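Colleague: Use the sequences and the hints to build the structure in full.
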Amino acid sequence: MTLGTAAHADNLSAAPTDAEILNILTDRIDKQQQSVGIVVGIIDANGRRIVAHGHPAKGDPRPVDGRTVFEIGSVTKVFTALLLADAIEKGTLRLDTPVSALFPPGVAMPDDKEEPITLKDLATHMSGLPRLPTNLDPTDTSNPYADYGTAKLYAFLSHHKPLRRPGVEHEYSNLGAGLLGHALALKAGLSYEELVISRITAPLDMKDTAISSQPGWAERRATGHNAALEPVRDWDLNALQGAGALRSTTNDLLIFLEAAMGKTSSPLAPAFTMLLATRQPLGNGGDDQQALGWVISGKGDEQIIWHNGGTGGYRSFVGYRPSTGIGVVALSNASTEVGVDDIGQHLLNRNAPLAPANARRTAITVDPTSYDAYVGTYRLAPSFELTIFRDGDRLFAQATGQDRIEIFPEAEHRFFAKLIDAQISFTVTGTRAGSLTLHQGGRDSPAPRIEK
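Our numbering puts the first residue of the sequence shown at -2, with every later residue one more than the last.
Simulated from the structure, these hints should not be mistaken for laboratory data. In this text the structure is predicted, and so the values were computed from the model without any measurement. One should not assume that every hint holds.
[Claimed, not checked] Straight-line alpha carbon distances no greater than 25 Å define the calculated BS3-like cross-link-like pairs of lysine-lysine that follow:
| id | residue 1 | residue 2 |
| --- | --- | --- |
| 1 | Lys260 | Lys204 |
| 2 | Lys149 | Lys449 |
| 3 | Lys158 | Lys449 |
| 4 | Lys260 | Lys87 |
| 5 | Lys415 | Lys28 |
| 6 | Lys55 | Lys415 |
| 7 | Lys87 | Lys204 |
| 8 | Lys184 | Lys87 |
| 9 | Lys149 | Lys184 |
| 10 | Lys296 | Lys260 |
[What the hints assert, rightly or not] Pair ranges (Cβ atoms, derived):
| id | residue 1 | residue 2 | range |
| --- | --- | --- | --- |
| 11 | Ile361 | Ala105 | 49 to 57 Å |
| 12 | Thr424 | Arg91 | 16 to 24 Å |
| 13 | Thr23 | Asp441 | 27 to 35 Å |
| 14 | Pro200 | Asp57 | 32 to 40 Å |
| 15 | Pro319 | Arg440 | 45 to 53 Å |
| 16 | Leu187 | Glu403 | 41 to 49 Å |
| 17 | Ser432 | Asp388 | 16 to 24 Å |
| 18 | Gln395 | Asp202 | 49 to 57 Å |
| 19 | Asp202 | Thr424 | 51 to 59 Å |
| 20 | Lys28 | Ala360 | 20 to 28 Å |
Glycine included, C-beta positions come from ideal geometry on N, C-alpha and C.
Modeller: Here it is as structure tokens:
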């Protein structure tokens, strides 16, 4: 019995075969229709390998591969944290350096008088800053960060009143990560992209990781797709590039991951080590921790170090399991709810389940004038709102900084989205809703109506 149990455990921690991975990708793309093209990269005892399925765009017969360029979204945050760690290793910054010390004169930070927001606070999402700035009001919701420049960023910082002091509570903040990238670039006297190239991608010989288009990219770039697998435009992050602006390939991210895992020697080795030396509890009731950039999940042999990402047309996952020496990169050119997180987690730990196919929901017929009761703005978080509006006989929901999505009635006061796995139920008193509840990802998030 002991030998059998040990063999089973070894099998669960072994690197998956190419056939197993291809079966997962085929099911995700061809059966579930949850992407157009997915590329998976694996690092194990035998080196690197690539398994891919699908195409760069709908109607494009070419296959995706390790050289296909994707937006990597919030995986960029690990690069931003690495820039900080590298600067600390070089002696030019400290974790407790106040962010305000890096800004030009006249730019104010929403600091507590006794506890200013530090670089560590930004890198660990403990700054007290909201997920998004409240003055993010894009003129083009299909490219929501494009017109959010430094003037708007500085205006927000000058007027924002924090709800809590830094270091008190973990709150994932795209604003904070973007602000960190901006501050580091100011300190270096370079653009964020120039800083990433000079300190990370050039030393690691990553030739296909950047923000702006690089030589040879035109014929290798994937097209992003929304959850309905319709093509969408790429995102430009302007002042908040450190939160999610990078584009890369699976081949390049495998180079990055090998360096992070210590499988290759690099001048960034001390900085990679520093990323994991600072940890904060995520506060989600489990064992998860927030390191500098990375998220650390699980304990002991099952511990996984990872980050994911998503933009309007892409999903990404990068992670590794120290106990097995296995690393995984997964990139998809569709912004579907299921994404590729479950694939990455499953390939690192067979006990982690793959996401089930979305349940099929059926829309019922209602009088479109009944939609008027739901129209309005609802606050899910201090800087995150959900706006419900009617367009003719159709009802739409639009979250802060995101595209609108159509929602469909499935029962009285209850609606569902087809583009993502999410439902909304309204609490109606009299002739209009006073609140709604967003049902998504196993969570029920209430949101009261606010007057605007």
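Colleague: If a hint holds in the structure, say so; if it does not, say that too.
Modeller: Each hint tested on the structure:
| no. | hint | result |
| --- | --- | --- |
| 1 | Lys260 / Lys204 | holds (19 Å) |
| 2 | Lys149 / Lys449 | holds (21 Å) |
| 3 | Lys158 / Lys449 | holds (19 Å) |
| 4 | Lys260 / Lys87 | holds (23 Å) |
| 5 | Lys415 / Lys28 | holds (16 Å) |
| 6 | Lys55 / Lys415 | holds (19 Å) |
| 7 | Lys87 / Lys204 | holds (24 Å) |
| 8 | Lys184 / Lys87 | holds (13 Å) |
| 9 | Lys149 / Lys184 | holds (20 Å) |
| 10 | Lys296 / Lys260 | holds (22 Å) |
| 11 | Ile361 / Ala105: 49 to 57 Å | holds (52 Å) |
| 12 | Thr424 / Arg91: 16 to 24 Å | violated (49 Å) |
| 13 | Thr23 / Asp441: 27 to 35 Å | holds (34 Å) |
| 14 | Pro200 / Asp57: 32 to 40 Å | holds (34 Å) |
| 15 | Pro319 / Arg440: 45 to 53 Å | violated (29 Å) |
| 16 | Leu187 / Glu403: 41 to 49 Å | holds (43 Å) |
| 17 | Ser432 / Asp388: 16 to 24 Å | holds (23 Å) |
| 18 | Gln395 / Asp202: 49 to 57 Å | violated (42 Å) |
| 19 | Asp202 / Thr424: 51 to 59 Å | holds (56 Å) |
| 20 | Lys28 / Ala360: 20 to 28 Å | holds (23 Å) |
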